[in-house]
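Based on the sequences and whatever the hints tell you, model everything.
Chains as they are written, first to last, in the working numbering: chain A, 1 to 318; chain B, 1 to 318.
Treat the hints with care, since some could be wrong.
Because identical chains cannot be distinguished in the list, a pair is counted as satisfied if it fits within a single copy or across any two copies.
Said to hold, decoys possible - Computed list of lysine-lysine pairs in BS3-like fashion (alpha-carbon distance at most 30 Å, straight line): (1) K206 to K299; (2) K84 to K153; (3) K84 to K306; (4) K235 to K44; (5) K84 to K235; (6) K72 to K44; (7) K84 to K299; (8) K153 to K235; (9) K278 to K72; (10) K9 to K23; (11) K9 to K44.
Just so you know, the hints here were simulated from the structure itself, not pulled from any lab data.
Spelled out from the first residue to the last, the chains are:
Protein chains: 2
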Amino acid sequence: MKAVMFIRKSINISEVDKPARNKGEALIKIKYAGICNTDLEILKGYMSYTGVLGHEFAGVVVESDDRGLIGKRVVGEINLGCGKCLWCLSGNKRHCSNRTVLGILNKSGAMAEYLTLPDENLFVIPDAVSDQQAVFTEPIAAAFEILEQVHIKPDERVLLLGDGKLGQLIARVLNAAGINVLVVGKNENKLMLLESQQIHNILMDKFELCQFPVVIEATGSAGGFDLAMQCTEPKGTLVLKSTIAADTGMNFAPIVINEIKVIGSRCGPFAPALRALKDNRIQVEDLITNIFPVTESLKAFEAAQKPGSLKVLIDFGN
Amino acid sequence: MKAVMFIRKSINISEVDKPARNKGEALIKIKYAGICNTDLEILKGYMSYTGVLGHEFAGVVVESDDRGLIGKRVVGEINLGCGKCLWCLSGNKRHCSNRTVLGILNKSGAMAEYLTLPDENLFVIPDAVSDQQAVFTEPIAAAFEILEQVHIKPDERVLLLGDGKLGQLIARVLNAAGINVLVVGKNENKLMLLESQQIHNILMDKFELCQFPVVIEATGSAGGFDLAMQCTEPKGTLVLKSTIAADTGMNFAPIVINEIKVIGSRCGPFAPALRALKDNRIQVEDLITNIFPVTESLKAFEAAQKPGSLKVLIDFGN
Numbered sequence: 001m002k003a004v005m006f007i008r009k010s011i012n013i014s015e016v017d018k019p020a021r022n023k024g025e026a027l028i029k030i031k032y033a034g035i036c037n038t039d040l041e042i043l044k045g046y047m048s049y050t051g052v053l054g055h056e057f058a059g060v061v062v063e064s065d066d067r068g069l070i071g072k073r074v075v076g077e078i079n080l081g082c083g084k085c086l087w088c089l090s091g092n093k094r095h096c097s098n099r100t101v102l103g104i105l106n107k108s109g110a111m112a113e114y115l116t117l118p119d120e121n122l123f124v125i126p127d128a129v130s131d132q133q134a135v136f137t138e139p140i141a142a143a144f145e146i147l148e149q150v151h152i153k154p155d156e157r158v159l160l161l162g163d164g165k166l167g168q169l170i171a172r173v174l175n176a177a178g179i180n181v182l183v184v185g186k187n188e189n190k191l192m193l194l195e196s197q198q199i200h201n202i203l204m205d206k207f208e209l210c211q212f213p214v215v216i217e218a219t220g221s222a223g224g225f226d227l228a229m230q231c232t233e234p235k236g237t238l239v240l241k242s243t244i245a246a247d248t249g250m251n252f253a254p255i256v257i258n259e260i261k262v263i264g265s266r267c268g269p270f271a272p273a274l275r276a277l278k279d280n281r282i283q284v285e286d287l288i289t290n291i292f293p294v295t296e297s298l299k300a301f302e303a304a305q306k307p308g309s310l311k312v313l314i315d316f317g318n
Numbered sequence: 001m002k003a004v005m006f007i008r009k010s011i012n013i014s015e016v017d018k019p020a021r022n023k024g025e026a027l028i029k030i031k032y033a034g035i036c037n038t039d040l041e042i043l044k045g046y047m048s049y050t051g052v053l054g055h056e057f058a059g060v061v062v063e064s065d066d067r068g069l070i071g072k073r074v075v076g077e078i079n080l081g082c083g084k085c086l087w088c089l090s091g092n093k094r095h096c097s098n099r100t101v102l103g104i105l106n107k108s109g110a111m112a113e114y115l116t117l118p119d120e121n122l123f124v125i126p127d128a129v130s131d132q133q134a135v136f137t138e139p140i141a142a143a144f145e146i147l148e149q150v151h152i153k154p155d156e157r158v159l160l161l162g163d164g165k166l167g168q169l170i171a172r173v174l175n176a177a178g179i180n181v182l183v184v185g186k187n188e189n190k191l192m193l194l195e196s197q198q199i200h201n202i203l204m205d206k207f208e209l210c211q212f213p214v215v216i217e218a219t220g221s222a223g224g225f226d227l228a229m230q231c232t233e234p235k236g237t238l239v240l241k242s243t244i245a246a247d248t249g250m251n252f253a254p255i256v257i258n259e260i261k262v263i264g265s266r267c268g269p270f271a272p273a274l275r276a277l278k279d280n281r282i283q284v285e286d287l288i289t290n291i292f293p294v295t296e297s298l299k300a301f302e303a304a305q306k307p308g309s310l311k312v313l314i315d316f317g318n
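This is how it looks when you write it as structure tokens:
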């Protein structure tokens with residue numbers, strides 16, 4: 001089968017064996033995979049990952065011990081737990097210390113014609129949600145994680161730095177929850193997409209630095225943290241969403257002086273993400289910049305790295 | 001009057017005018033001042049401060065509009081607020097954006113024969129507390145700030161990195177609150193002082209890296225944050241106490257991946273600190289390494305910078 005691999009510091013489309021599923025796992029035929037900023041960071045060395053890339057997908061179950069799953073369209077939680085530790089036993093595999101992570105840590109990713117995942121990681125895509133929409137489930141879940149971690153009050157002022165792929169979804173998740181969010185971005189076209197969703201936004205060049213009780217950093221760039229820190233009120237909360245391969249040189253004194261609470265935020269819950277898509281509370285179609293067939297995956301990655309780009313999908317033709 | 005000044009990147013003992021008090025302020029004759037790590041960081045450029053150093057003191061009120069204060073032994077909250085902003089009006093001057101800070105930010109410090117502070121910043125030292133003990137009120141208050149910010153449960157495992165001046169006080173404050181704290185330090189003599197307080201401790205060289213739900217970073221060194229991050233459980237809390245003048249180069253990805261909550265912690269409440277000293281719940285005398293007369297303040301600073309040193313006091317002979 002065809003697979004998009006990152007090996008010896010370069011991407012290529014390889015012919016590899018179809019994966020064999022273990023007991024409790026499903027074999028999934030991939031329809032679409034999405035390119036995430038984490039994939040782009042992996043190309044720069046993040047997590048030292050090599051192998052099949054990708055963790056955002058929508059597919060169809062072709063084999064499973066659970067007959068009810070066969071033929072179903074699914075998305076999948078990307079963290080695979082040991083099943084034995086306190087994290088796994090309490091239902092949160094995302095922090096299992098022995099976990100593997102789809103296309104990120106010791107687990108072959110989703111940019112391939114076939115993929116295996118434990119049945120228990122799968123979520124059936126509701127009929128009202130298209131395959132292309134469903135690819136957004138994983139990053140929407142990551143946006144919902146913020147609401148799992150921080151109690152944002154109905155009348156709280158929230159600043160979101162970043163108008164990119166994840167920033168767009170975070171803005172939409174917060175907006176759908178009725179939260180008063182202001183997005184600061186660098187790209188006028190991306191801000192226009194937010195404007196059409198009735199989400200407050202401002203161009204970075206026009207933003208006069210001021211402080212908010214809650215700031216979310218989703219710039220995907222090393223300098224984002226420092227700006228976010230400056231924009232956080234004393235005793236305020238700064239949610240850190242960007243994972244960056246590079247080290248950042250900065251002074252932590254403002255965290256101490258202003259007694260800021262910095263909360264790291266990674267993967268989130270799939271169920272509310274799928275519900276939001278099903279109920280049409282979150283729009284995602286306008287975020288798709290390009291769709292490339294798997295044979296043109298290298299072009300897909302080139303497109304995803306362009307500054308004006310948002311979500312790029314790879315179509316496996318299934 | 002004599003004052004210990006930091007001017008043009010060096011410390012010297014100068015003869016300066018006695019400060020004139022404004023309405024609502026007290027004139028305080030200093031008995032002892034303490035050297036804090038923040039003072040040592042100021043010598044490296046922290047806060048770009050120049051002027052009379054020092055913010056830890058015990059003294060006697062010699063002038064005040066409030067006759068009841070005259071002759072009283074006092075310590076003082078080091079943050080001076082504008083009195084008009086929401087922070088000040090709600091009783092917390094420590095985050096007033098127009099504040100000055102004793103010996104740290106636009107306010108002449110405590111290492112001088114006389115000092116002015118607003119009456120409302122003063123706390124009368126209880127009879128049971130000696131002048132030398134009272135100098136520790138400010139850093140003990142900073143230790144109590146952790147308990148203001150973080151709910152540490154009775155059976156929670158807490159790791160404290162740092163056996164220095166502030167680390168010792170944090171360990172003692174937590175221990176006095178019945179919290180199960182393990183201190184990791186680099187200095188055997190300093191750990192022995194904790195041992196004699198029945199506080200669990202271990203030498204850094206013997207500490208095998210493991211994770212705790214609550215980690216407090218009080219190493220006062222740039223590398224402390226990185227180690228603290230490694231020692232914090234997923235979804236755990238890392239309290240950052242060190243203020244460092246230098247920039248630190250590091251990778252923030254572990255904060256995001258492990259969804260750690262980093263909480264900056266600075267100044268704290270004086271009242272519980274004085275109560276703890278009065279009730280003898282916290283011992284501090286063993287932390288005094290040296291006491292120098294004001295005329296030997298330069299030696300005092302030399303002594304405070306030695307690795308084995310803990311609290312160095314300057315005696316103003318009053």
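A quick look at each hint next to the structure:
1. Proximity of K206 to K299 under the C-alpha cut-off of 30 Å is found in neither arrangement, the shortest distances being 34 Å within a copy and 52 Å between copies.
2. In this assembly of identical chains, the alpha carbons of K84 and K153 lie at most 30 Å apart only when taken from different copies (26 Å versus 36 Å within one copy).
3. When the C-alpha separation of K84 and K306 is checked against a cutoff of 30 Å, the pair qualifies neither within a copy, at 42 Å, nor between copies, at 49 Å.
4. With identical chains, the CA atoms of K235 and K44 are at most 30 Å apart between copies only, with a shortest distance of 27 Å across copies and 34 Å within one.
5. In the homo-oligomer, the alpha carbons of K84 and K235 lie at most 30 Å apart only across protomers (19 Å), although the nearest pairing inside one protomer, at 38 Å, exceeds that limit.
6. Taking CA atoms no more than 30 Å apart as the test, K72 paired with K44 passes in neither setting, with 35 Å inside one copy and 64 Å between copies.
7. Neither within a single protomer nor between protomers do K84 and K299 lie at most 30 Å apart by alpha-carbon distance, with minima of 42 Å and 59 Å respectively.
8. Taking the shortest alpha-carbon separations for K153 and K235, both the intra-copy value of 15 Å and the inter-copy value of 21 Å come in at or below 30 Å.
9. In this assembly of identical chains, K278 and K72 lie within 30 Å of each other by CA distance solely inside one copy; the values are 16 Å within and 70 Å between copies.
10. Taking the shortest alpha-carbon separations for K9 and K23, neither the intra-copy value of 33 Å nor the inter-copy value of 69 Å comes in at or below 30 Å.
11. In the homo-oligomer, the alpha carbons of K9 and K44 lie at most 30 Å apart inside one protomer (8 Å), although the nearest pairing across protomers, at 42 Å, exceeds that limit.
Comparing the model with each numbered hint stated earlier shows that hints 1, 3, 6, 7, 10 do not hold.
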